[in-house]
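Q: Now for the letters of each chain:
Protein chains: 2
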Amino acid sequence: MKNDKLTKELIGIFKKFGLSHNHALISTNALINAELVGAYGHGLSRLKMYCDRIKKKVINPKPKIKIRNISHSVSHIDANDSIGFVAADIGIKQAIKNAKRTGIGMVAVKNSGHYGLSGYYAEQAVKENLITMIYTNAPPAVAPHGALKSLFGTNPICFGTPTGSKIPFILDTSISMINRGKIRVAARNNQKIPLGVALDKFGKPTTDAKKALQGVQLPIAGFRGSGLAWMVDILSGVLTGGNHAGKVKDPFDDFSGPQNIGHLFITFKTNLFVKDYNKRIKDNINRIKKLPKIKGIKEIMYPGQNKYKRFRVNSNKEIKISDIIKKDLEKLKS
Amino acid sequence: MKNDKLTKELIGIFKKFGLSHNHALISTNALINAELVGAYGHGLSRLKMYCDRIKKKVINPKPKIKIRNISHSVSHIDANDSIGFVAADIGIKQAIKNAKRTGIGMVAVKNSGHYGLSGYYAEQAVKENLITMIYTNAPPAVAPHGALKSLFGTNPICFGTPTGSKIPFILDTSISMINRGKIRVAARNNQKIPLGVALDKFGKPTTDAKKALQGVQLPIAGFRGSGLAWMVDILSGVLTGGNHAGKVKDPFDDFSGPQNIGHLFITFKTNLFVKDYNKRIKDNINRIKKLPKIKGIKEIMYPGQNKYKRFRVNSNKEIKISDIIKKDLEKLKS
Chain W
184 MKNDKLTKEL IGIFKKFGLS HNHALISTNA LINAELVGAY GHGLSRLKMY CDRIKKKVIN
244 PKPKIKIRNI SHSVSHIDAN DSIGFVAADI GIKQAIKNAK RTGIGMVAVK NSGHYGLSGY
304 YAEQAVKENL ITMIYTNAPP AVAPHGALKS LFGTNPICFG TPTGSKIPFI LDTSISMINR
364 GKIRVAARNN QKIPLGVALD KFGKPTTDAK KALQGVQLPI AGFRGSGLAW MVDILSGVLT
424 GGNHAGKVKD PFDDFSGPQN IGHLFITFKT NLFVKDYNKR IKDNINRIKK LPKIKGIKEI
484 MYPGQNKYKR FRVNSNKEIK ISDIIKKDLE KLKS
Chain G
184 MKNDKLTKEL IGIFKKFGLS HNHALISTNA LINAELVGAY GHGLSRLKMY CDRIKKKVIN
244 PKPKIKIRNI SHSVSHIDAN DSIGFVAADI GIKQAIKNAK RTGIGMVAVK NSGHYGLSGY
304 YAEQAVKENL ITMIYTNAPP AVAPHGALKS LFGTNPICFG TPTGSKIPFI LDTSISMINR
364 GKIRVAARNN QKIPLGVALD KFGKPTTDAK KALQGVQLPI AGFRGSGLAW MVDILSGVLT
424 GGNHAGKVKD PFDDFSGPQN IGHLFITFKT NLFVKDYNKR IKDNINRIKK LPKIKGIKEI
484 MYPGQNKYKR FRVNSNKEIK ISDIIKKDLE KLKS
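As given, the protein sequences belong to chains W and G, one line each in that order. So in this note's numbering, spot 168 of the first sequence is number 351, and the numbers just go up one at a time. So in this note's numbering, spot 3 of the second sequence is number 186, and the numbers just go up one at a time.
Just so you know, the hints here were simulated from the structure itself, not pulled from any lab data. Everything numeric in this text was worked out from a predicted model, so none of it was measured. Please note that a few of the clues may not be correct.
As the list makes no split between identical chains, a pair holds if one copy fits it or if it spans any two.
Only pairs whose alpha carbons sit at most 30 Å apart, straight line, appear in this in silico DSS-like list of lysine-lysine [claimed, not checked]:
no., residue 1, residue 2
1, 452, 276
2, 503, 462
3, 276, 458
4, 239, 432
Taking the hints into account, I'd like the entire structure generated from these sequences.
A: Right, dumping it as structure tokens:
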């Protein structure tokens, strides 16, 4: 493995900050995966933040996570302010277990934190031949339609399904025009962001990533995107017992308490209603890939396909670590 | 009731075309509701189409609808080419029953047809104090990202929840920039459509509704909207045993066979994980409504609120019937 050294280093750091070996491993794997799929806003750029939150006692490194089974299908998890990676890992595993038992699983998690990429957990369910839908909320970043102030998080909608081939279909789309993590990385590296994705704090369009972080991000498709963000806030916050309506704290800026993010994992078997799901989904994808293409497009890609390719290519390389993150690592180790 | 005469007329027409009184009533109520909420593309403008399809034997007026219970939570319905309204009515009622019994319900329907507004069925579940997610596919209208040809339907994403007040939260958003029904109404009335919502058959932007119907509609948010449309096609078509990947026939133009549309209804109790859901959702909505507003915005509305207001206002008026539809009614009655 190309990144064994980095993996060991990260596990060591998380353990130094009080996590068990198992929890350190889960958290490290999630960060490394984010780097390998090219989601740098969810990767090493967040390591210092997680450690800071543990140090300031707003992430609990030794959580007592409670799983309450409401039925054979439905479970509720109180993550006791654990690092989000661990809460989500337990959440998706319980949802997989429930779906295998009854055909359908639903698991709500409360008192969790930022868990990185929804798609990473969706992949776990898809590997077990299940379909999954995952919702989580996030700190205020997007203004509700008609409002002058951010309240919704970038609240991703995630859907995963087996495809009958080795590359899973993983849709993991934030309802903001751009991922907040990407703006954060741009701000750290003094890069510009595209016009039309964010407003500054005065409500004016900006390409300055730092100003965008102080202002509001725009939802996709106006009222429609705003409605989808609201739906995610209800499913992951109101329903689960987590924070909602803008109460999730920004993990980088607000150390006044735990985030209490909620997640919702829905999982179900592919063959509940048809015997030949894998054949059907293969046909579906093939038919769409065979459509006439717009000039310049080589292949019509399904969601998750590009990410998978990036993962395969990057897995054979050493992860590039920027100078800023090198400094983070040195400080955190010492 | 202001529209009793029209209601009787429609029931009479559906019965004349072979529907039972009960199925005629279900179908009539759905059409009248679409008119009252102002969704004219799903209202009387479709009556003639439904009757034509019955006459040409691609809708079965006397369906033998089979419900197969896979578990106490999960059911599969074969609608036997019934009119979509009836299949969806049975589908949502079964999903409500399953959720009341076990906390969560999932009902897939196959061999159905166009059922009008997803939100109409979501309201039924919300009235029973359940949260619901509804997916259905539709004939090709939107080009997958990168493709030059329509394949996805306008594939709505629908989510409904009780709000602790009398006006339900019903998000019912198609993933196209504009509802296909609206383009159809514009085409019938020789009205223009906004720029940027559709391309003509040569791939050029158009404001001509008739040219748009021959061309492709654009998804919201590019790759993201295309991914959401694909998700809906999988959930409502691939999973259920319904048609998918562009095989759903256009109900107005293609009488070569039944549509075999699939629907998926997911329902669950609001209090699975929290005791005070109604209070929590009320707090959520109130907090969002209190945000500072953009100049000119009087109130931040949640999805479904405007529709509910239109319904209340329009229920006290007689439905206006255009000359084209008057002609339809006369012909269908005689």
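Q: Would you mind marking each hint as holding or not holding in the structure?
A: Status of the hints after comparison with the structure:
no., hint, result
1, 452 / 276, "both (14 Å within a copy, 22 Å between copies)"
2, 503 / 462, "neither (40 Å within a copy, 48 Å between copies)"
3, 276 / 458, "both (25 Å within a copy, 25 Å between copies)"
4, 239 / 432, "within (14 Å within a copy, 59 Å between copies)"
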